[in-house]
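Q: Those protein sequence lines, which keep their order, are chains U and W.
Each residue of the first sequence is one higher than the last, beginning at 1 in the UniProt record's numbering.
Each residue of the second sequence is one higher than the last, beginning at 1 in the UniProt record's numbering.
These are calculated hints, taken from the structure and not from any lab test.
Only a predicted model underlies this, so the values are computations on that prediction, with no experimental measurement involved.
All C-beta atoms in this analysis are idealised placements derived from N, C-alpha and C, irrespective of residue type, glycine included.
Errors might be hidden in some of the hints.
A few chain W residues facing chain U, derived, Cβ under 7 Å [what the hints assert, rightly or not]: (1) D95; (2) A105; (3) R110; (4) P112.
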Amino acid sequence: MTDVSVSPSSGRKYSGEREGLAPRSRPLIQRPDVLIFLAILALVTICATVLAQMGYVSTSTVKLLGKTLCLCLAALAMDLVWGYTGILSLGHFAFFGIGGYAIGMWLMWDRTELIVLETLAQNPLPPTPLEIEEAIGAQIFGVVGSTEIPWLWAFAGSLPVQLAAAVLVPGLIALVFGWLAFRSRVAGVYLSILTQAGTLALSLWLFQNDSGLRGNNGLSGLQNLPGLDDVPQSTISLWFLWASALALGGAYLLASWTVSGRFGSVLRGIRDDEARVRFLGYEVEHYKLAIFTGTAMATGIAGALYYPQAGIVNPAEIAPIASIYLAVWVAIGGRGRLYGAVIGAAFVSLLSSWFTGGGAPDIDLGFYEIKWTDWWLVLLGLTFVLVTLFAPKGLGGLVDLWTHRRSTRVDDLGPDQGSLRAEEDRP
Amino acid sequence: MSALLEVSGVSKSFDGFKAIDNLSFSVAEPELRAIIGPNGAGKTTFMDLVTGKTRPDTGSIRYGELSRDLTKLSEAQIARAGIGRKFQKPTVFEDQTVFENLSMALASPRSPWTVLTRRPSMEVRAGEVAERVGLTAHLARRAGVLSHGQKQWLEIGMLLAQEPRLLLVDEPAAGMTSAERERTTEMLVEAAKEHAVVVIEHDMEFVRRLNCRVTVLHEGRALAEGSLDHVCADPRVIDVYLGRPETEGETADA
Numbered sequence: 001m002t003d004v005s006v007s008p009s010s011g012r013k014y015s016g017e018r019e020g021l022a023p024r025s026r027p028l029i030q031r032p033d034v035l036i037f038l039a040i041l042a043l044v045t046i047c048a049t050v051l052a053q054m055g056y057v058s059t060s061t062v063k064l065l066g067k068t069l070c071l072c073l074a075a076l077a078m079d080l081v082w083g084y085t086g087i088l089s090l091g092h093f094a095f096f097g098i099g100g101y102a103i104g105m106w107l108m109w110d111r112t113e114l115i116v117l118e119t120l121a122q123n124p125l126p127p128t129p130l131e132i133e134e135a136i137g138a139q140i141f142g143v144v145g146s147t148e149i150p151w152l153w154a155f156a157g158s159l160p161v162q163l164a165a166a167v168l169v170p171g172l173i174a175l176v177f178g179w180l181a182f183r184s185r186v187a188g189v190y191l192s193i194l195t196q197a198g199t200l201a202l203s204l205w206l207f208q209n210d211s212g213l214r215g216n217n218g219l220s221g222l223q224n225l226p227g228l229d230d231v232p233q234s235t236i237s238l239w240f241l242w243a244s245a246l247a248l249g250g251a252y253l254l255a256s257w258t259v260s261g262r263f264g265s266v267l268r269g270i271r272d273d274e275a276r277v278r279f280l281g282y283e284v285e286h287y288k289l290a291i292f293t294g295t296a297m298a299t300g301i302a303g304a305l306y307y308p309q310a311g312i313v314n315p316a317e318i319a320p321i322a323s324i325y326l327a328v329w330v331a332i333g334g335r336g337r338l339y340g341a342v343i344g345a346a347f348v349s350l351l352s353s354w355f356t357g358g359g360a361p362d363i364d365l366g367f368y369e370i371k372w373t374d375w376w377l378v379l380l381g382l383t384f385v386l387v388t389l390f391a392p393k394g395l396g397g398l399v400d401l402w403t404h405r406r407s408t409r410v411d412d413l414g415p416d417q418g419s420l421r422a423e424e425d426r427p
Numbered sequence: 001m002s003a004l005l006e007v008s009g010v011s012k013s014f015d016g017f018k019a020i021d022n023l024s025f026s027v028a029e030p031e032l033r034a035i036i037g038p039n040g041a042g043k044t045t046f047m048d049l050v051t052g053k054t055r056p057d058t059g060s061i062r063y064g065e066l067s068r069d070l071t072k073l074s075e076a077q078i079a080r081a082g083i084g085r086k087f088q089k090p091t092v093f094e095d096q097t098v099f100e101n102l103s104m105a106l107a108s109p110r111s112p113w114t115v116l117t118r119r120p121s122m123e124v125r126a127g128e129v130a131e132r133v134g135l136t137a138h139l140a141r142r143a144g145v146l147s148h149g150q151k152q153w154l155e156i157g158m159l160l161a162q163e164p165r166l167l168l169v170d171e172p173a174a175g176m177t178s179a180e181r182e183r184t185t186e187m188l189v190e191a192a193k194e195h196a197v198v199v200i201e202h203d204m205e206f207v208r209r210l211n212c213r214v215t216v217l218h219e220g221r222a223l224a225e226g227s228l229d230h231v232c233a234d235p236r237v238i239d240v241y242l243g244r245p246e247t248e249g250e251t252a253d254a
């Protein structure tokens, strides 16, 4: 195979050619990875719903599952931006937090308003709008020693505005940040540091009491939906599970579509050799900006779905370490394949809850007792290092092993195809 | 024949070293031109300047009927204006199939939104290019598993797929067998019937086969220009280049 078939009419028509090209032109919904993923997602969601309604699965487990799906969505976005495009953003979890804050503001405001109105209704005189506002301000901002309503909360009473903010604020921040960074061709580790610094700055700002977002208290009571006090949490948790599953399923379809075809080729080209992509006439910066902004918006949606299930969002959630976790999940799951990101996020975050929640039995070594609540992070860090060094394909690589074994077992491959396949597998 | 590319008085230095020194050069459309010169003569820097990878310190590079100033355009804009480049070392996207490599190169809209939303089938056009470079049988294979020669062909295919007006080709025959060289020659001569082709080459035998006008580059300046026999007879050329032992297998130009 060192010799080139110089003549263009070297009749050997490799019949695998059609087979190789087919998946690209096949509709998205018929692709095996998409089908299998959607089937598993639907199965998990439906099973959890049925079991929860039969009482076998607790509300907190349903919430854990719903939250995990949101984390998977964030990991999916991270995989697009890092695994496919090669931009190691260590700030995407900030967008997750912003999404949570945006929806949290409405949840807190609207619910407080209802409570305030109820209380004030007992007064002999009907309350004036100013009185209502003051009462809400005192309720929400009392913890940070203020009754004034910050400008950030101007539209907190409007669900559509806050929903839009959950998507648009991350998008806008990513757009401005990305435009400045990519335009100056900041890339690689410098970009990672920059995103990390931005995340730290945001988190530190949020920690301040005068940020207008209740400082380190964050926003709480988010699990209670305004006006739905008589709906039990067991039902609300299922709503959010379904919403999270739908968002993840939709995002998976959208992401699969994005990385297929020429657009996906350009993204992977940018990851592997961005100068070469430029010489082909593609404005690399525009592509990076598009993917950076798009994934920031998707991450914002994930956060907006996550925090009502978590019940509380505070600045610690946005701490730089959270964004690093996101990268760790994607690395362990397998970069550059969408299901890898989802597997990594689900596997590691569930395992993390198990270890840190006291699920894992402590190991008594006699002279020292390994408490997993303390040692889990060490284990995770070690796993990350080992995966990066020895299994760069991550957990997703296991899928390769399986599909390769299957494809070589299929009998209807002609000898020609079979031999070519063997050649491909060698390097 | 009017000039398609007009380089005038261009200089470029790196840390005090003058890689290109007051160079003037022009190429018409159609024309086939070879640039030869010893190591460090500035051949690759010249290509970098034209394709926007590096910016000149002084001088202007004008292109096309509108005489657009290339020094003010980005690499991608220059590529879209119709300047295609083939690198000395084959640079293809090894992780992607031959088909994907070609489909990225095929002349088509390049903006993210159009590429994302409008997805015309490229199989026929990619197939045509693959046939021209003899890679039809390998369309579905990853470029990374191709042999060195096949990668060279793939990159030439990608260059042709862009349908450029000016083709800058850096040592196309490096690492090729004699049969492949012959075919490369044919292809370049064919392309030069309609477009401007600039070939940077080390191999004098290959240049002789191209049978075209030759520019000899030395220390960033055009030392001589004319037919190969003409420049070979030039005493200055003999002195700096031909008189010395051949420096084959150049790996990195300045």
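Q: Each of the hints needs a verdict: does it hold here or not?
A: Going down the list of hints, with the structure as the test:
no. : hint : result
1   : D95  : holds, 6 Å
2   : A105 : holds, 6 Å
3   : R110 : holds, 5 Å
4   : P112 : holds, 5 Å
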